[in-house]
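For reference, the chains in residue letters:
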Amino acid sequence: MGVNGSGGTRRTRCLVSDLAVARVAARRARTVPGVTMLVGDVAQTLLGLAADWLPHDPVPDELRADGVVASVQGDVAEVRVTVGVRLGTPCADLAARVQREVAEEITTVTGLSARVRVTVADIALPA
Amino acid sequence: MAVEQLEPLACGRDAADVWEHADAGALDDHERTCPHCRSAWADHDRLGVLVTRMAEESRESLRPPPSVLAQVMGAVVADLRPHELLEIGPDAWLSRPAAEAALRHAVDTMGGLRALRCRVEQETGEPDGTGVGPRPVWVRVTVAARFGVDLASVTARVRQMIVTVGERAIGVPVTGVDIHVEDLWE
Numbered sequence: 000m001g002v003n004g005s006g007g008t009r010r011t012r013c014l015v016s017d018l019a020v021a022r023v024a025a026r027r028a029r030t031v032p033g034v035t036m037l038v039g040d041v042a043q044t045l046l047g048l049a050a051d052w053l054p055h056d057p058v059p060d061e062l063r064a065d066g067v068v069a070s071v072q073g074d075v076a077e078v079r080v081t082v083g084v085r086l087g088t089p090c091a092d093l094a095a096r097v098q099r100e101v102a103e104e105i106t107t108v109t110g111l112s113a114r115v116r117v118t119v120a121d122i123a124l125p126a
Numbered sequence: 000m001a002v003e004q005l006e007p008l009a010c011g012r013d014a015a016d017v018w019e020h021a022d023a024g025a026l027d028d029h030e031r032t033c034p035h036c037r038s039a040w041a042d043h044d045r046l047g048v049l050v051t052r053m054a055e056e057s058r059e060s061l062r063p064p065p066s067v068l069a070q071v072m073g074a075v076v077a078d079l080r081p082h083e084l085l086e087i088g089p090d091a092w093l094s095r096p097a098a099e100a101a102l103r104h105a106v107d108t109m110g111g112l113r114a115l116r117c118r119v120e121q122e123t124g125e126p127d128g129t130g131v132g133p134r135p136v137w138v139r140v141t142v143a144a145r146f147g148v149d150l151a152s153v154t155a156r157v158r159q160m161i162v163t164v165g166e167r168a169i170g171v172p173v174t175g176v177d178i179h180v181e182d183l184w185e
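Protein chains in written order, with numbering that gives the first Met the number 0: chain A, 0 to 126; chain B, 0 to 185.
Don't read these hints as lab results, they were simulated from the structure.
One thing to keep in mind: the hints can contain errors.
Okay, the calculated bits of chain A under chain B, using three or more residues with CB under 8 Å as the criterion [as the list claims (entries may be wrong)]:
no. : region
1   : 94-107
2   : 116-124
Which residues of chain A face chain B? A few of them, derived with a C-beta cut under 10 Å, are [as the list claims (entries may be wrong)]:
no. : residue
3   : Gly83
4   : Val84
5   : Leu86
6   : Gly87
7   : Thr88
8   : Cys90
Chain B regions said to be covered by chain A (calculated; three or more residues, Cβ under 8 Å) [what the hints assert, rightly or not]:
no. : region
9   : 99-109
10  : 168-182
As the structure is a computational prediction, the values presented were derived from the model and not from experiment.
Beta carbons are placed, not taken as given, at the ideal position from N, Cα and C, and that holds for glycine.
Construct the entire structure; sequences and hints are all you get.
Shown next, in the form of structure tokens:
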């Protein structure tokens, strides 16, 4: 994405990666009340398992992006968030709230506008 | 078959050649002194150390933790295809199997009933009449009832439960419920 700025003859562009946007989105989505987890797809899960066996710089849990796929095109981020909820959580309301809060967070942090698609993949049932 | 053309190192050497020479202990003068080649065979050495260390770790320590299977199975279950999704709003979907499991669970909590199967079908076409809500669904549920339960009242109870859970917990209007009492138990 290109953010700003011209001062005199110099121009600066800030480019934000897909992964950075995904981390911002995942961190915010986890905080939405009713979201119990983010659900990674098969590829993310297998890569995550492989990463656990290889030396790497540890990523704080709050910045793990499993369950989020982001794609930045120009000044717009397309984001897919897959969540799990607890039985009794109104799924439609929760999805709308995740869309709203994640889009606002991405705009605040990166300056990008965001289109957020939400899938509720799992409803946790009482044992 | 297309052959991928790999970029050579900045000095013009092929990194694969440098790795081969490092393996054979036959690095030439250029490869020993050129910073680009040195970086390449340093990569080779790092990988060798990593592979050797992992190979030396005991079999016990390489056993996958018990959560691995659960994680993979969860991901497979969550890998949904379009026909397994219910639309619950603009750019928002719900796993059909998850919705069906929630409805089965709701029926299971009712006295004298066990849910055997549940199928949720979403109507095609435009969203609901208001133009803002999700398209309604039709639910087909198969149950087993305890012998002696009033089957006529079962219908009303199951219908009420399905409609309430569908609209409050899932967030889609339920236009119809088909209830099939498949079996009885004592």
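Here's how the hints hold up against the structure:
no.	hint	verdict
1	94-107	holds (count 3)
2	116-124	holds (count 8)
3	Gly83	holds (8 Å)
4	Val84	holds (9 Å)
5	Leu86	holds (6 Å)
6	Gly87	holds (6 Å)
7	Thr88	holds (7 Å)
8	Cys90	holds (5 Å)
9	99-109	holds (count 3)
10	168-182	holds (count 4)
Every hint, counting from the list given before, is met by this structure.
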